[in-house]
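Participant: Below are the chains, spelled out letter by letter.
There are 2 protein chains.
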Amino acid sequence: MSKEVVISTRIRLARNLKDYPFPCKLGKQGREKVIEKVKSAIKDSNSAIASDFSFINMESLTPQQSVSLVERRLVSPEFISNTEGRGLLISSDESLSIMINEEDHIRLQVIKPRLSLEQAYDTADKLDTLLDENLDFAFDKKLGYLTQCPTNLGTGMRASVMLHLPALEKSKAISRIAGNLSKLGLTIRGAHGEGTEPKGAMYQLSNQVTLGISEKAAIENLKNITIQLVTQENQARERLCESIDVRDAISRSLGILRSALVITHEEALKLLSNVRLGILSGQIKDIDTETVDKLMTAVEPATLSVNSNRQMSPEERDEERAKLIRETLK
Amino acid sequence: MSKEVVISTRIRLARNLKDYPFPCKLGKQGREKVIEKVKSAIKDSNSAIASDFSFINMESLTPQQSVSLVERRLVSPEFISNTEGRGLLISSDESLSIMINEEDHIRLQVIKPRLSLEQAYDTADKLDTLLDENLDFAFDKKLGYLTQCPTNLGTGMRASVMLHLPALEKSKAISRIAGNLSKLGLTIRGAHGEGTEPKGAMYQLSNQVTLGISEKAAIENLKNITIQLVTQENQARERLCESIDVRDAISRSLGILRSALVITHEEALKLLSNVRLGILSGQIKDIDTETVDKLMTAVEPATLSVNSNRQMSPEERDEERAKLIRETLK
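First to last, the protein sequences are chains V and F.
Convert by adding 7 to the 1-based position in the first sequence; the result is the number in my numbering.
Convert by adding 7 to the 1-based position in the second sequence; the result is the number in my numbering.
Please note: incorrect hints may appear among the correct ones.
The list treats identical chains as interchangeable, and a pair is accepted whether it falls inside one copy or across any two copies.
[Claimed, not checked] DMTMM-like, lysine to aspartate or glutamate: derived pairs with alpha carbons at most 25 Å apart:
#1 Lys177 to Asp135
#2 Lys330 to Glu109
#3 Lys301 to Glu39
#4 Lys148 to Glu322
#5 Lys149 to Glu11
#6 Lys223 to Asp51
#7 Lys330 to Glu249
#8 Lys277 to Asp255
#9 Lys46 to Glu322
#10 Lys190 to Glu176
#11 Lys277 to Asp300
#12 Lys330 to Glu245
#13 Lys177 to Glu326
#14 Lys149 to Asp59
The hints are simulated quantities; they were obtained by calculation from the structure and are not laboratory data.
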């Protein structure tokens, strides 16, 4: 069952070029040089991975296209807050991406479905090696990789899993769990990371410690805690879904999603989360979690606009969202 | 369209026997004599109508069976508040009924579907004539039929129509209309008459004046006003149902009714009223108003219990109600 509570796994590595100041200290020209160096490192390599990447100049995007990248978890909210001298390299299936000139020169990211920390790390490691062949990274023998923010110093790695925890949320166990996790060097927060509120019972669990611990050990730690959380969620779900009121809420949520003509983003996520709970508990049998997971991203405001290829008012978006949901779940 | 806004028509005649005090002044024995006289008047007649009646001793009913009679609009709430020495004659299709020893000795009632005041009055008149052949009614040449309450004196007739007015209710026009109606000798109130709140946008419109006006004139007046109200409702509906929010509420209402596992009486009526509005506006095409109208009565608490043939807690009833609705509307 673990593969269904865990929606996706992400590995992110922070790297900086030895001969350049951190992006915040770099002017536009300096940033553009960094972009050129990273692009070349990918393009000039002989790897199959490399030829699959395309480059996006962040300055060329509309605000909605930028926001949609955040909604799809391909870049950080910070990355689009100021797009000057920033670029994105991204693979065709969007599972690999490299933010250039975010907080660090390079933030490479690998996303895999379900719980797959080792595989995601393997891929990230290969991409890192490939870049390392053509670039000179800022590295200290004692400290490890140097990063702009000291919290990333060392491995420069953040590993995280996206978890759907409706039962732990509904039973109010999540805040107690969050408190305990920080003692274990982990943190749990909303789906879009730091400073974001959980929506649709989606939580991001990630490692906090990057110094004095190997990547393997950090991943092992995160994996063990994830498996424990999944077990707790499964147990809480079993108890919760015995209640007729919860089963009623699940059934109504699907009924509303299948019939609404107008729906806000917030309501859609809440109802989709209930439907996902219903699928996991076995109450809903004609829909799979993959469909719901894709919808959860597709109903995000900017992604909805980008996918429909037109400018929409918030009211039009609420209608478009309802239509997409009805057609997907019918 | 008028036939769809008007759900049913009812004619009620109040009659008293000349040689007996009004029921409130009669002891149990006296009441039982009145019951016997009325039963005999029906049974001894040669009419086809007569042989179709069955008799219910109100004292023999369970509280739920009594309440169900009120919910199905076959007797008044007052009639079941004290069942001693009270009886009910009722035709097999429940369209004709005679309350014996309510406020008056006889309250005969005819219910017909849709707007059919003349037909309902014709039937009531025939039943009245049949009773008159075998009973001696208290009648004054100047005043007309004598009744316990002076508001019924004269014709002793209450004619009423049951109207579904969701658009006039939602657009808040109904209170203004109610004020005007009283000046025209009519009154509008909740579905179960005097002192009841409207539920599911169901309103009972009836004549108030029984003295100094013929039955025909009273019926003509009620009919004209009904037709005007239907026109106003139709116009209000057309305006109202242009709104996407109203159309969304209608669509969601059906979605919830088709998926809820638990539903209260109040919520069910509210949602059924929205669905009925959707049928009349043409938005909902796979359900007819007759189905909804039958459900509106079938979901009433006591009727639900009586029809399911078992004692139920309020929680069980909310589940049973949801099940009945799901199965009827699927």
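Participant: Now tell me if each hint is right for this structure.
Facilitator: Results for each hint:
1. Lys177 to Asp135: Classified as neither: same-chain Cα gap 40 Å, cross-chain 63 Å, threshold 25 Å.
2. Lys330 to Glu109: Result: close neither inside a copy nor across copies, 36 Å intra and 56 Å inter.
3. Lys301 to Glu39: neither (35 Å within a copy, 73 Å between copies)
4. Lys148 to Glu322: Close neither inside one copy (56 Å) nor across copies (68 Å); limit 25 Å.
5. Lys149 to Glu11: neither (40 Å within a copy, 84 Å between copies)
6. Lys223 to Asp51: Neither. Shortest intra-copy (30 Å) and inter-copy (98 Å) distances fail the 25 Å Cα cut-off.
7. Lys330 to Glu249: between (32 Å within a copy, 18 Å between copies)
8. Lys277 to Asp255: both (15 Å within a copy, 18 Å between copies)
9. Lys46 to Glu322: Neither way: Lys46 and Glu322 sit 40 Å apart in one copy and 65 Å across, limit 25 Å.
10. Lys190 to Glu176: Cα proximity of Lys190 and Glu176: one copy only (20 Å, versus 58 Å across).
11. Lys277 to Asp300: within (13 Å within a copy, 33 Å between copies)
12. Lys330 to Glu245: between (32 Å within a copy, 24 Å between copies)
13. Lys177 to Glu326: between (28 Å within a copy, 22 Å between copies)
14. Lys149 to Asp59: neither (35 Å within a copy, 102 Å between copies)
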